[in-house]
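Line order of the protein sequences matches chains E, F and C. If you count by the numbering used here, then the first sequence holds residues 1 to 303, one letter each, in order. If you count by the numbering used here, then the second sequence holds residues 1 to 655, one letter each, in order. If you count by the numbering used here, then the third sequence holds residues 1 to 213, one letter each, in order.
Hints are computed from structural coordinates only; laboratory data are not their basis. Wrong hints could be hidden among the right ones.
[Unchecked claim] Okay, the calculated beta carbon distance ranges per label pair:
#1 F:Pro218 x E:Leu62: 39 to 45 Å
#2 E:Gln261 x F:Asn611: 55 to 61 Å
#3 E:Ala239 x F:Phe13: 54 to 60 Å
#4 F:Asn91 x E:Gly105: 42 to 48 Å
#5 E:Pro275 x F:Asn611: 37 to 43 Å
#6 C:Phe83 x F:Leu38: 45 to 51 Å
#7 F:Phe73 x C:Thr87: 53 to 59 Å
#8 F:Gly629 x C:Gly177: 17 to 23 Å
#9 F:Leu38 x E:Pro76: 28 to 34 Å
Keep in mind the model is a prediction, meaning the values are calculated, not measured. All residues carry an ideal CB built from backbone N, CA and C; glycine is no exception.
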Amino acid sequence: MKRITPKGKLVATLAMGVSTLLLTSGCGQLLVFHPAGPVGQSELQLIWLQIALTAVVIIPVLILLAIIVIRYRDRPGSKAVYRPDWSENRTLEIIWWVIPIIIVGILGTVTAKKTFALTQPPKNPSNPTVVQPLTIEVTSMDWKWLFQYPNQQIATVNYCVIPTNRPVQFMLTSNGPMNAFWVPQLGGMEYTMPGMIMRLWLQADKPGIYYGHGGNFTGQGFAQMQFNVQAESEQQFNAWVASIANNSPQLTQGEYDKMAQPSILGQMSFSSFPPNAFENVVMSEGGKYMKHDQVMMNSISSK
Amino acid sequence: MPESVRNFATHFFVTGDPMIYGADAAITLVSLGIVFTLTYFKKWKWLWSEWLTSVDHKKIAIMYLISAILMLFRGGADALLMRTQLAVPNNSFLTAEHYDQIFTTHGTIMIIFMAMPFIFAMFNAVVPLQIGARDVAFPYLNAVSFWLFFFGAMLFNLSFVIGGSPDAGWTSYPPLAGLQFDPGPGENYYLVAVSISGIGSIATGINFMATILKMRAPGMTLMKMPLFTWSVLASCVVILFAFPALTVALALLLIDRIAGAHFFTMLAGGNPMQFINLFWIWGHPEVYIVILPAFGIYSEVVATFSSKKIFGYKSMVASLMAIAVIGYLTWAHHFFTMGASAGVNVFFSISTMCVAIPTGVKVFNWLLTMFRGRIRMTMPLLWTLAFIPNFAIGGATGVWLAGAPADYQFHNSYFLIAHFHQTLIGGVVYGMLAGMYYWWPKMFGFKLKDRFGHWAFWFFNIGFYVCFTPQYILGLMGMQRRMYTYGANMGWTSLNFVSTVGAFLMGIGFLFIAAQIVHSLFNMERDVTGDIWNGRTLEWSLPSPAPHYNFAVIPTVSERDAWWEMKKAGNTSDLLPNAKEIRPIHMPKSSGVPFLMGVAFFVLGFGVVFNWWVIAIVGFVGVVACLIGRSLEEHPDYYVPVDEVVHTEAALGRL
Amino acid sequence: MSIAHSGLQHHVDEPLQTGVPLEFSTEDGATKILGFWLFMVTDVLLFACLFATYVVLYKHIGAGASAAKLFGDDVSGFTAETFILLTSSFTCGLATYEMRHGSHSRLKLWIVITMLLGLSFIGLEVYEFSTFVSHGDTMSTSAFLSAFFTLVGTHGAHVSLGIIWMGLILYQISRRGVNPVTARKLFIVSLYWHFLDVVWVFIFTVVYLTGVM
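Produce the entire structure from the sequences given, and follow the hints as far as they go.
Pasting the structure below:
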């Protein structure tokens, strides 16, 4: 192969063009890197640690690759050492068995700590007084999100409002195919599954409207399964609850059943929902076989 | 009754879309073209006796390779359709329905009908030659495997024009893939076609494991085996342990769909989670099934083109086996977000990260193999060098995904899509292409010319980064996989557009590979030496292509890199047959039964897809008849007479 | 038939190995037996997945019968099935013994007896299934019944296949006598038969005994 060829130039030009495009494309926000709450923050910390520790291996590999390929390329008159039978070096091999083991050890420890911590309500060092968490029951349907507030007795579709600086436990289930509940800026996702209740702790530290989307494909309307999580101060939240309770229509069983059929809806608010709608869906779809669901349900009603 | 006929036809054939009609026309034209060409050149008999009935591993390898490349084309076309749809926001190039079908077929075809036959092409082309055997342990079963794969693939592709394609994703999670949400025949096509070719894959796993364990040349102990053969052994172990889970997962979902059972339904006690467990017990090891042989290929290529022994052979073997074993214990990392307890998530997080340890060791050993070597920049090595950065990045993002809390943010986003394409394309496809370039002369007797090869390489490789780097970023921006469109207000437009450009660059790269093959066919440069790359292992001691019995006299091996050592010691003539040593060679007879069994499975599968039980029973009876026929066959093999061997070897100038 | 079946291996003209059973005497035979063991590994895993599914679902009875109810009325049925299948495994072992040491007519007799026992096992199973179905306990009643019929039915299908297979080999032994090829075939089908027996022991324990207890 020839050394510097027109091909090489073409490659360089293309690569530069692409990187310029990428840097200047003025695109959307890297939501995962701009968390608005302690859960997202904690997950981001792990991601940064992973980036740093994997870079320890990758960067040397890339540099070594470049050096070795240039140095030991077969060309006439090459003065590089050639040892066709050199194939063992215990020290070197031990080094690269041990380094990844150490990295995995560190990452594994941090992962374990965080995984366990995330099953608990987020702790807020700036606000150590124990705050009563808010419970929201989330049901994914074809193709919309229903949010029920069991303590406020109101319901919304495709958006929900939460108070800031207060842990929110989202109780997730599905009335239809599995989906996943994801609000990138607040924290990572959890599936909604028929016949199961899953808990996801999230918390917003600052007011804002946070983008959320279904995380698991559920058919033709999946691309439209977008929702917003709106974080407001405690007072605004209470005012909002009151206004929904007073001004919005009721969600009757008949309308609930209609809603469970495949359709794409906009944002809606309701001043009530059929009693035990959430529990009934879970129970009729296999929840009665799961001890876990009973535990979860008790934790809702005890609140 | 024209009304009922029309009614039937509109449900039976996929109608109403100009692209489908175009495809119908193209399929008809190509089929007619093939029939015409075969008839015109009177090649039907040749096709039947030389190919369709062949049990020769070298011919089966070629048939696998052709199928894999055709399926790469189909899967790639699917990819370009998807990228076209996503190039701009709110696009209406494809409807949601079509988009869903296309990403489902793209994934299924690439994994089951492209990657699998591609690795099997390499298994078949190389393993018997590398270990000094005359064929695989069970040549007839090998042909059965191929035809099951082939007719499974045909059945799957038929869904495009008859009945409709599956549209629940290649992972086919119930309840979405259950009858309640997905009533059409498309999903049945997926279940039946993948099951049929899955049976073939299990048989291949058994076959090559027995071949490697029992049929090595005298003197070739396990620790003297070439690394590619080791990687095939590791891959076969995983096939044996993983594929039965897929068979069960698909069979149970099929039973749900056709017999009204309740394994994975939402009502009557069904548990969809069980499918997801079974699926990934196969699904995750599956990626190691396809990547391990690629690792083997890289090891061969790096050593050959550095003209140097592989560095750390024992570590390489240990890491292959470690990956095979650990890879079996990582399946739940596909559903960290499905409510497993923290303890379970931690276990699978750490087990998944552990895979990175042996993988990292392999990368360093490849680098050190080139260190103090003499690196020849050939096509196989170029793809290998391109693999290393790709896999370093893909492996690192894999470690990120393995940490459960981080995965909560990455799961099912475009970040994940970019990650697994980087490992599966950058790892498996690059490896298979490296293997294809490397062993092409051995398979076909001529070399692939570099002329278009470099263009293919650069277009494909640059296109890869242009396509998938933006997808990592899109994932962090919150873009989910399997969305057929997105709003202009999301800020995802420019990155999606760039990604689409990259996909088309890769498409052009593929066309250059095709051009390269055609160009090399018409300007054939015959390999007369049999050892065109100055190779190290036994396959290079044979002429290209090898005679149908491979070795006239079975070689005796005393060292690793047997052929290289013999060349070094100057005693390669020891491997040439001596007319007095030649004995009649015992070989399997060709048989049409494997092909017919494939046809019977196809008929059976087609009947099951549409619940047309008469057709299904006809197919089933056909399968049973083939099995009985085989069992009763008294002389399935014969002896190649000494004269013929002597004549062949003399014609090859080896006597 | 002498040495015609030494397979694709290297030492074609090597004489029969002495001191090993006939079915292992050629490399081809030994390789095929290894291949069959590998197949059984996959079959074990297939059953393992079905067992796992059954265990996950066996309390998921929906509106249908429970395991206790279903099998409580059928103790004599499944006990008889168990007894018959275990006996058939013994007779199958006797066939292998006769193949190696004894007379070929007794060998054939034991194969026939094994097949008859297998057939009566299948007959009982079909009767059991049809009784359940006639009481309205079908595959589509509940997840438990889906898993039950599939697991036990898969075993039954294996046994049925085994009977047909054994018949084919009986035919070959009658026509061609006992040689390295037919000996290997008989040995493999008997491995398969014993394997199904072991699977049944697990079905008996996990499905029936656990069900009635």
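Query raised in the report: Cβ-Cβ distance between Pro275 of chain E and Asn611 of chain F: within 37 to 43 Å?
Result: holds (42 Å)
Query raised in the report: Taking the beta carbons of Ala239 of chain E and Phe13 of chain F, is their distance inside 54 to 60 Å?
Result: holds (59 Å)
Query - 45 to 51 Å as the expected CB spacing between Leu38 of chain F and Phe83 of chain C, which holds or is violated - result: violated (60 Å)
Query raised in the report: Is it true that the C-beta distance of Pro218 of chain F to Leu62 of chain E lies inside 39 to 45 Å, as the hint says?
Result: With a Cβ separation near 44 Å, Pro218 of chain F and Leu62 of chain E satisfy 39 to 45 Å, so the hint holds.
**Report entry** Gly629 of chain F paired with Gly177 of chain C, Cβ distance criterion 17 to 23 Å
**Finding:** holds (21 Å)
Query raised in the report: Can the suggested window of 42 to 48 Å be confirmed for the beta-carbon pair Asn91 of chain F and Gly105 of chain E?
Result: At 47 Å between Cβs, range holds.
Query - Hint check for Thr87 of chain C and Phe73 of chain F - Cβ pair distance inside 53 to 59 Å - result: holds (57 Å)
**Report entry** Distance restraint evaluation - Leu38 of chain F, Pro76 of chain E, Cβ atoms, bounds 28 to 34 Å
**Finding:** The hinted range 28 to 34 Å is violated for Leu38 of chain F and Pro76 of chain E, with Cβ atoms some 50 Å apart.
Query raised in the report: Does the Cβ pair Gln261 of chain E, Asn611 of chain F satisfy 55 to 61 Å?
Result: violated (26 Å)
When the structure is compared with the earlier hints, violations turn up for hints 2, 6, 9 and for no others.
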